[in-house]
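Protein chains: 2
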Amino acid sequence: MSPVAFHLLGTDGAARLGRLETAHGTVETPAFMPVGTAGTVKAMMPESVTATGAQIVLGNTYHLMLRPGAERVARLGGLHRFMNWPGPILTDSGGFQVMSLSKLRKLDEQGVTFQSHLDGSSHLLTPERSMEVQRQLDADITMSFDECTPFPASEDQAAQSMQLSMRWAQRSRDAFVARPGYGLFGIVQGGVYPELRRHSVEALLAIGFDGYAVGGLAVGEGQDEMFRILDATVPWLPADRPRYLMGVGKPADIVGAVLRGIDMFDCVLPTRSGRTGQAFTSRGTVNIRNARHQDDGRPLEEGCGCPACRNYSRAYLHHLAKAEEVLGLMLLTWHNLHYYQDLMRGLRGAIGEGRLARYAADFAALQDCGDLDPL
Amino acid sequence: MSPVAFHLLGTDGAARLGRLETAHGTVETPAFMPVGTAGTVKAMMPESVTATGAQIVLGNTYHLMLRPGAERVARLGGLHRFMNWPGPILTDSGGFQVMSLSKLRKLDEQGVTFQSHLDGSSHLLTPERSMEVQRQLDADITMSFDECTPFPASEDQAAQSMQLSMRWAQRSRDAFVARPGYGLFGIVQGGVYPELRRHSVEALLAIGFDGYAVGGLAVGEGQDEMFRILDATVPWLPADRPRYLMGVGKPADIVGAVLRGIDMFDCVLPTRSGRTGQAFTSRGTVNIRNARHQDDGRPLEEGCGCPACRNYSRAYLHHLAKAEEVLGLMLLTWHNLHYYQDLMRGLRGAIGEGRLARYAADFAALQDCGDLDPL
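Same order as they appear, the protein sequences are chains D and U. Count along the first sequence from 1, then add 1152; that gives the number in the numbering used here. Count along the second sequence from 1, then add 1152; that gives the number in the numbering used here.
Do not rely on the hints blindly, as some may be mistaken.
Intra- or inter-copy, both count: the list cannot distinguish identical chains.
Pairs of lysine to any residue, SDA-like flavour, derived with a Cα cap of 25 angstroms [to be verified]:
1) LYS1402 to GLY1333
2) LYS1255 to GLU1476
3) LYS1474 to THR1428
4) LYS1474 to LEU1276
5) LYS1255 to VAL1329
6) LYS1474 to SER1268
7) LYS1474 to SER1425
Source of the hints: derived by calculation from the structure; they are not laboratory data.
Generate coordinates for the entire structure from the input sequences, incorporating the hints supplied.
Structural data, given as structure tokens:
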């Protein structure tokens, strides 16, 4: 078995149906990866994550290296065993979160020196250390270490940041220890500047990766701008490697990105929203805390196969949210992850049958039907 | 089908093996009832509660009448349907919690006027209203409305309080609407005074109930005193009715009370402790937040069949607790409820085979083995 293998099974326009094979199992694409920041998809048992249809989860290098520590996870048998998730795991590089969460950062050519947001302890994250940590965690898919270009950034700033990330991408590739079924993805940067994005793709292709991620989006630029950058980036990516849009996104973002040829996604939105009483449905978002649900005996979404919809009324979910009961977080998180996986199943089915344009149009029409709560 | 039926299947000394039949199913006794205060056993899916072996849960009248409201629960099909618990439910009368949680209480012969701890709204709870609320909730077992005698209380105070509760017991009986499979339990009061307890039993027997609870214990009097009161009370209770010790307790309290002829228990300890990192094991209590667990690859308890012990290390549970992850609450709550149900299974098996004294001695010896964390 070579590195993670990607099989392109079909296309519908720019959209792709695929299969990713890793050391810990297979992932059908387009795929949504629930985020398991600190070694747990928040408020979910791993078997429940599996029940939603998720085949791969994401772990955060920054969080896990600080607590419980990557060396400790390695001693305990790796992240799969530690968190009881036997399937594939992708870990990010830590680059994004060290900039958004840590304190007293100093970034130079070598890497980033920072203080833990947990206890103030000092740490150095470099491409080499990021590769080491992700190997200790036993990630099936390792992300190369990059700087997430701030937004907004001038073209000059974006260029300098991207070029640093490309040098770090080479060092990540050099430090990554190849193992059968394990892969390393490069990350395209370049801000909102198509030329920079194209240069970034060329630099990554010259190094060679098992997959290609588009980074630095969903950071405030808006959906139109994000789609514009995808239109200017994705066509340069090789067809025989998976494409991962990092940190995206809302359901409509995902549909639009799949239409543009993206294969993989991750986002905290379904889990985080589940903990604040926001639910995703085919007719838009619902705020279950809204008083209009308090006597509503209907499920959150008719026909949804998740436990929240099969076994409970909106009135009950409203009650749990108002009473701040843990079960409310559990059920809404489950529903939202189920909704996202239903969406991915729908997208895969539509691509396979060559009816994605119709699927996307129906999706958009229903989402706007408008009798629901604003997110 | 008459009211809840109790079948005494066997005895071992004063201890009893029994079976309680209700409108929503059967309960093997001695039984422990997980507390589902606000229409949910905190941090548990109902199917997980069932998986621990629990056959009946408790709901709190005080909480449910204030939020979401008993009329609302009735409109939505009753508490079983509302919370997706198809099995038997016992509700308390609200008497205990109105005194411990509400504000600006005024207690007189009629009942208790109080302000909600949630929104300050004014309410009146009487024996008649308590019966109505518990019927709206559709409780299989309704508790008569009583005043939980404060502790400490002089003999005169305890007598007056008990006599008020006995008058309220009669009013509860009069207001209770008998239905097949539904029952009403009376509550013995009388503080720490054996003569008062006996008078209370006599008063309740004169009225006639489907089961008898011992109330007003586990309020600070200590285990020795609690056992002394049980020794002075339980022998007067009729053999053909279930006996319920309210709000108890620690595992050792339960073993001692079963030895004295108690059939039913409820307590927030396993669920509340699970949310603060405390776990019950056969060798005593464990504080999973203790740093000694951080590299411990062993389960919380070897041989335990709960998911926390089957699938996770102490190191992982420690990590979840330190990171304040919801999954930590979920897994420890599940383990603790599983532990309590294992204890009840063990007690029932021992009574059935006439070896309860040996079982209790082995239990006590192991609990004291001493290398564990203080609760």
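Results of checking the hints against the structure:
{"no.": "1", "hint": "LYS1402 to GLY1333", "in the structure": "neither (30 angstroms within a copy, 50 angstroms between copies)"}
{"no.": "2", "hint": "LYS1255 to GLU1476", "in the structure": "between (31 angstroms within a copy, 21 angstroms between copies)"}
{"no.": "3", "hint": "LYS1474 to THR1428", "in the structure": "both (11 angstroms within a copy, 22 angstroms between copies)"}
{"no.": "4", "hint": "LYS1474 to LEU1276", "in the structure": "between (43 angstroms within a copy, 23 angstroms between copies)"}
{"no.": "5", "hint": "LYS1255 to VAL1329", "in the structure": "neither (30 angstroms within a copy, 65 angstroms between copies)"}
{"no.": "6", "hint": "LYS1474 to SER1268", "in the structure": "between (34 angstroms within a copy, 15 angstroms between copies)"}
{"no.": "7", "hint": "LYS1474 to SER1425", "in the structure": "both (15 angstroms within a copy, 23 angstroms between copies)"}
Figure legend: structure checked against the earlier numbered hints; hints not met, in rising order: 1, 5.
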